[in-house]
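Enquirer: Same order as they appear, the protein sequences are chains A and B. Residue numbers 2 to 154, in my numbering, belong to the letters of the first sequence in order. Residue numbers 148 to 872, in my numbering, belong to the letters of the second sequence in order.
Hints are not guaranteed to be accurate.
List time: in silico EDC-like cross-link candidates among lysine to aspartate or glutamate, alpha-carbon distance up to 20 Å [as the list claims (entries may be wrong)]:
1) B:Lys458 x B:Glu598
2) B:Lys340 x B:Glu821
3) A:Lys82 x B:Glu475
4) B:Lys343 x A:Glu142
5) B:Lys354 x B:Asp385
6) B:Lys354 x A:Glu75
7) B:Lys362 x A:Glu142
8) B:Lys690 x B:Glu475
Covered stretches of chain B (in silico footprint by chain A; criterion: 3 or more residues with CB under 8 Å from a CB of chain A, positions within the stretch not fixed) [said to hold, decoys possible]:
9) 186-192
10) 358-367
11) 402-414
12) 808-814
Treat the hints as calculated values from the structure; they're not laboratory data. For every residue, glycine included, the Cβ atom is placed at its ideal position computed from N, Cα and C.
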Amino acid sequence: MIRLTINGKAHQVDVDPNTPLLWVIREQVGLTGTKYGCGIAQCGACTVHIDGAPMRSCSFPVSAAAGKKITTIEGLAQGGKLHKVQQAWLQHDVPQCGYCQSGMIMAAAALLKDKPNPTDADIDAAITNICRCGTFQQVREAIHMAANGNAKV
Amino acid sequence: MEMNRRTFLVTSAAVTGGLALGFRLPFGPAVARAQDGSPEVGVWVAIAPDDTVNIRVVRSEMGQGTITGLAQLVAEELECDWSKVRIEYPTPGESVKRKRPWGEFSTGGSRGIRESHEYVRKGGAAARVMLVQAAADQWKVPASECTAANSVITHAKSKRRTTYGKVAEAAARLPVPQDVPLKDPKSWKLVGKPVKRLDTHDKVNGKMTYGIDLKMPGMLNAAIKACPVFGGTVKSFDANAVSSMKGVRKVVQVGDNAVAVVADSWWQAKTALDKLPITWDEGANAKVSQESINEMLKAGLDADQAFVGNKMGGDVKQALSGAAKRVEAVYAYPFQNHACMEPMNITARYTPDKCEVWGPTQNGEGAFAAVLAASGLPADKVDVYKTMLGGGFGRRGAYPDDYVTQAVLMAKQMPGTPIKMLWSREEDMLHGRYHPIMQCKLVGGLDANGELTALHMRLSGQSILAAVRPEVVQAQKGRDPLSFQGVFESGEHQFSYTVPNLLIDHAMRNTHVPPGFWRGVNINQNAVFIESFMDELAEAAGKDPLEFRRKLLANNPRGLGVLNAVCEKIGWGKPAPQGRYRGFAVLKAFNSYVAGAAEISVKDNKVKVHRLIGATDPGYAVNPAQIDRQVAGSFVYGLSALFFQECTVKDGHIEQTNFHEYNSMRIAQMPKVESIIMPTGGSVWGGVGEPTICVAAPAVLNALYRATGKRIRTVPLKNHGIELV
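Same shape as in the complex, but just chain B (with noise of 0.2 Å):
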């Protein structure tokens, strides 16, 4: 049976899914096309005689709105219409077949735009070309004597015009040019422009299809549960107790660690699960508990062996011991789930002869890998059809023994029946891939002056990349990079201040908690570390924190750039309105520059924050209008976990099992974020999905000291008795 995926994957006018079949031969006449039909002129743009222009993208969109802004680095360099622009997701399957035409899939790091703008440009300029080169053929005319602009060729001097649909067939037949050369930015029509969301509509109405609303023929519907304790397997289950309930279909285990019931409903599913007598092998992770795990970071904090990310000057621990005043504080930071809204979910189907998986992923390709490893086919048989995402955040990145993974195994249990696994809360936020947890000891020595001249941070905690691409630390000698996000050495993390003698180095402390890509991951504990600190030392050398900070970031003058913008906006040095107090941080973040500022005040313990201010310097904006959701997102995000967020462990599994013990920032506590979007250009593209998440947090944090004389250094805030109002 051949499905017409259009029926459960185009849902919406803009976003579509899957390509046709069919691919360039290199002489022959053999011309890719679109889903509709349309040719394809280049690979990254396909024209319906109707002037419709189908963009790829193969990039994720999960609410940062990529989607949009990759079109209109296309659109740029086209010349095309923009209200005739709808969106193509490529399969990986066909990025395989093709030799990978469309570049990385992966959806994560704020990459998407920063990582392809020049190569989706460089795509909108090679398809202007060749359809102008169609036109001119048409005409027998010079290609350089016609013009384009908004899906229109003209030839001026014999007055003749047509659309780009009209010579879309011929233009696809055209060699491909390497290299055109692409716009000056001063010259962009459409890039920087706050230009509406190509996804809106859907989203209004009811209609978008996230991989929770898959409907396909012959569909059956499962919910799953997998050992609680992470490394657990399952000992056994009774399916004979729940059997004969109404709707089941089928209990079966899933790899050694999870069980599941399949039905024809979810609810029938869920209830006959939720009935289902588990026994599990908790095994020796059952033994763990959350102080267990903070006892082994602490010991870290003082270890002798640690992975150095930063270092500078001579011998730190002894210019710190010959400082005249020595700062000494430890700060902690807790393992969090994302809580997507959609909880994860996957619909998957196998035959010996082809298996395919439809729903949200932010790695089409990791997603694809897993299919591959499940199923056992090789990559001519596999394929992923991505929906909507109802949130990403990092948890749905690419991790081993995932939900793809499961929905494979439990497919090919039940061949040729499509079956759609939904995790609920309650299992997504038992097993999420959780912000990895650390603790930090920061040590600082200040001259006679006041001046900072020794600086040692230690991290001891937890490692993403040991568990998900140990690779990777593996070539670092031991040493996971990531870890630094925001303080490392060089590059888009580097540490903001120069300090002479520096040392930031990380104990790694492994745990058994599943650790993964968190919005920012990284950033987000290392800002509150250095940027609390920061306020401390400044205190202690009797000085101004933003006066104390200018003269480190000497050497940093786009760091400086949207620090002083956010303290000059929320009048800093100037007096706060009566029971206010401010506070503001800055960090260099995905090769953007970030600050934000905050003001709040506190009575009995209830935090009411007024303002935020949040700036980013990514050196383009291509959308300010999403950014500006983005930066106001982020801080959402970002406050939700200062204030609420923590998963602790309980005989070695995750306590919090949904909103009620894992809260979230509700409309009446978020005030409007003041953004200052503020590209200063250059050669290196900043991220802004995840850049400004780390600001928040430091800033009401600093804002928080001030207002209460209290130095806090443990999140969330429930933990301290304080509440947000």
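Chain A with its partners taken away, still in its complex shape (with noise of 0.2 Å):
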């Protein structure tokens, strides 16, 4: 049994501990909005935040998280209110398909906790998710409106 904090809530899990990380999320805990892209950290869907910093939950055995704190997209609002990125997102219309997007607003709102002022050279260093829809200047812009204390909804 391996036990897990995940959005503030204690599970168990009866895994492999190699089973990434990702998969235990999606499956066994049923958290669908974490995203299965790759499989290599190449692409950023599976972006969830460990004690508060982005990892590609997709390259992170399960049991190496035992014990940290995990955040998924589920659990970014809080007490009922959208995160600020995720206000952002719904006020500039960033996601096309969608699927990255969840990946593409946890590390979003992990760079805006670590520079609440990003540049674009900081988002360009720190958001490295791939989209295939490319929307690219939507988040662009987004994560511009989150800094500055212009998303609402």
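Hints given; two lone chains; assemble the complex.
Expert: Next up, the structure:
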């Protein structure tokens, strides 16, 4: 049994300790907002926060996540209020197909925590997620919008 | 067991799936209903007592915004409250029962809006007339005295008003009027406005259900591996080697070429599949290499036999031989995978009485046909329930023996159990429906004044239709008209330029690698070929490439319009900033006129793209905000292909297995795309999702030539040591 804390809730899972955290989140815990895209930490669709830092959960063994604080896209909103990044995303109509957007939003939220007023260069360095629809300019604009506190829905 | 579809399909306030049963009888009291029980007013809308408007959409949403655009068109004529609009996907099974009241489901070729705008607007208009009539009947006044706006019907004379929701039940029982006149586009209030998408909310909180996310009671998960060599088959596999692994329920052969492990969880299934010993019979295709394919195509460049796609003037070869100056170049474009972010998947459940599948498809009816064939059941025992698509780009169209067929063949071996089959990224890379491979030889003739008098464009390579719609190719006496997208003799893909002596022909050279539709498909390479070569010709003629083209575009005012727009915006003719170089391109595709311009700098083979301009004249712009996003997104897709993407063949299989070998642009590499949306109206609507994709690559290639003095004629640029920074 591995004990996990996901979005503030305790879970016990009975899985092979080498199972990637992504698949435990999706299949055992049942939170499917975190997506599978490549399985080799290339695309970022599986990004979650582990103790506040963005992590590609497809390449992170569940055993290493034991005892750590895990946040997924479903846990980003607090007290029924969307995170400012989510609000900016909504206001700026960022997603197209939307599949990569959970990971994109988690990466953006981690960036803003680290750098509340990121420059374009900061965004370029921190947001390395693949988006095949090509939402990049909306992503960039929405991050600036969230940083400036202009994101209200 | 009758499952409640809502539990797994209604995942968003905006996007619901499936319809309630029941359909309109000619004279009876039965009324068709939406899933929430609201009555259908005509086939396109169902309105609940609380005024919620369910608009039916049968085209698939894959990010392109089609559900929002189509809903705008219906709502414009319906005169309903936009804030109360929801979308409902009718199923193909329902469509068959009701004799296709919603028309074509297939979502490709940038057709979603341009080919259904008229009938969906008529659907909205008919519903409005029925609702007004129902109110008038209730008040016993002439309908002509009533007006409708924002879901409210008013009879001004008697100062009475009611809402759509209150009269919907009565309206649903009225005959559907035919050919209600549509609004003049000048009076549109909702169409043409940059309204927000209807499907965003659940895409920012993780709640949107994609096929990969489906959950059902008793569902198992499958991982699958098909013979890496296309055309190869399964010789044997040792199920015992993995059958005792944790969670494994069954190891099954799927068709003649694939093996799957069915387990409690997908990770268990995949882990077991990786350990499963499988022996393949790879067959003769295992001898095919990239070099052998390239050689076959090369031979086609000078072959005697070729299908003509465009011919003007007399004998082009004679005209070329008499030219004052002759320019010749050979170009090549590779196989490419779509690499949708969501790998292929589908969930299937089979019993002898019913076969159903759930998941992402660009073509509900195509998936339905695949389920019919694979299940062997009749149409009234089959259905398909669509989810949101995590990307499509043509990959999720209807192809023979693809993922839907696999899932049904698997489900038949475990009757009653829903099985979610998910391809790994590696499987997705090895079993694509690839952008066709093509080479092209261009020969141009200039007269003493540097005017283009003759042009021969010879394509040599693969045909998509020969593989997926052979009957179309047969009807054209062996020609695949789609090979000429963007350079065809007439129609939605008409060649932009008027050249006195012109021949564009195609030596069809098909390979064992299955081809597919790939965002724009053949406009991508055709634009690279012709728009690079136009610059080569202009240089040989000693002319400015814009002036050179303008003359040849004299009969194409809309093409000239978009080209002028991008050139003006990027500042063509004025000096570029220090160290920066510009290029541009123009094409007609899917009945839209598109042009692109790029400004780049190059240092030590590292390319920085500083500016990108994209212009489109699609006739009508239903939602400019979404068009803006499609233009920008298409440039990301097109430039990813230009810089990074190539699938190569070794021993009969594709070599690239994941994003580390098949890269895609990141945010740091992509400037803001300055889009120019310039619809000029007319009777023909153009597409949006695909056309602009093709102009980004040649615009960058032409700028690259100016920056380096070296003309690059093969894609991708990584093969030339060029990086994108």
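Enquirer: Check the hint pairing lysine 458 (chain B) with glutamate 598 (chain B) against an upper bound of 20 Å on the C-alpha distance.
Expert: Between lysine 458 (chain B) and glutamate 598 (chain B) the Cα gap is close to 19 Å, so the pair holds against 20 Å.
Enquirer: Can you confirm whether chain A covers the stretch 358-367 of chain B, using C-beta to C-beta distances below 8 Å and requiring at least three such residues?
Expert: Coverage by chain A holds for the stretch 358-367 of chain B (3 residues, Cβ < 8 Å).
Enquirer: With a cut-off of 20 Å on the C-alpha distance, tell me whether lysine 690 (chain B) and glutamate 475 (chain B) pass.
Expert: holds, 17 Å
Enquirer: Has the stretch 808-814 of chain B got at least three residues whose CB is nearer than 8 Å to a CB belonging to chain A?
Expert: holds (count 4)
Enquirer: Has the stretch 402-414 of chain B got at least three residues whose CB is nearer than 8 Å to a CB belonging to chain A?
Expert: Three-residue rule met by the stretch 402-414 of chain B, so holds; n is 3.
Enquirer: How does the stretch 186-192 of chain B fare against chain A when you require at least three residues with a CB closer than 8 Å, holds or violated?
Expert: This one is violated; 0 residues, fewer than the three required, reach chain A with a Cβ under 8 Å.
Enquirer: If you draw a straight line from the CA of lysine 82 (chain A) to the CA of glutamate 475 (chain B), is it 20 Å or shorter?
Expert: violated, 63 Å
Enquirer: For the pair supplied as a hint, lysine 343 (chain B) and glutamate 142 (chain A), is the alpha-carbon distance within the 20 Å limit?
Expert: holds, 16 Å
Enquirer: Keeping to a limit of 20 Å between CA atoms, is the pair of lysine 354 (chain B) and aspartate 385 (chain B) held or broken?
Expert: Violated. Lysine 354 (chain B) to aspartate 385 (chain B) sits at ~39 Å, over the 20 Å cutoff.
Enquirer: Regarding the pair lysine 340 (chain B) and glutamate 821 (chain B), is the alpha-carbon distance no greater than 20 Å?
Expert: holds, 19 Å
Enquirer: Verify the proposed pairing of lysine 362 (chain B) with glutamate 142 (chain A), using a straight-line Cα cut of 20 Å.
Expert: Judged against 20 Å, a Cα distance of about 35 Å means the pair is violated.
Enquirer: If you draw a straight line from the CA of lysine 354 (chain B) to the CA of glutamate 75 (chain A), is it 20 Å or shorter?
Expert: Status holds; Cα separation ~8 Å.
In the structure shown, a violation is registered for the earlier hints numbered 3, 5, 7, 9, in ascending order.
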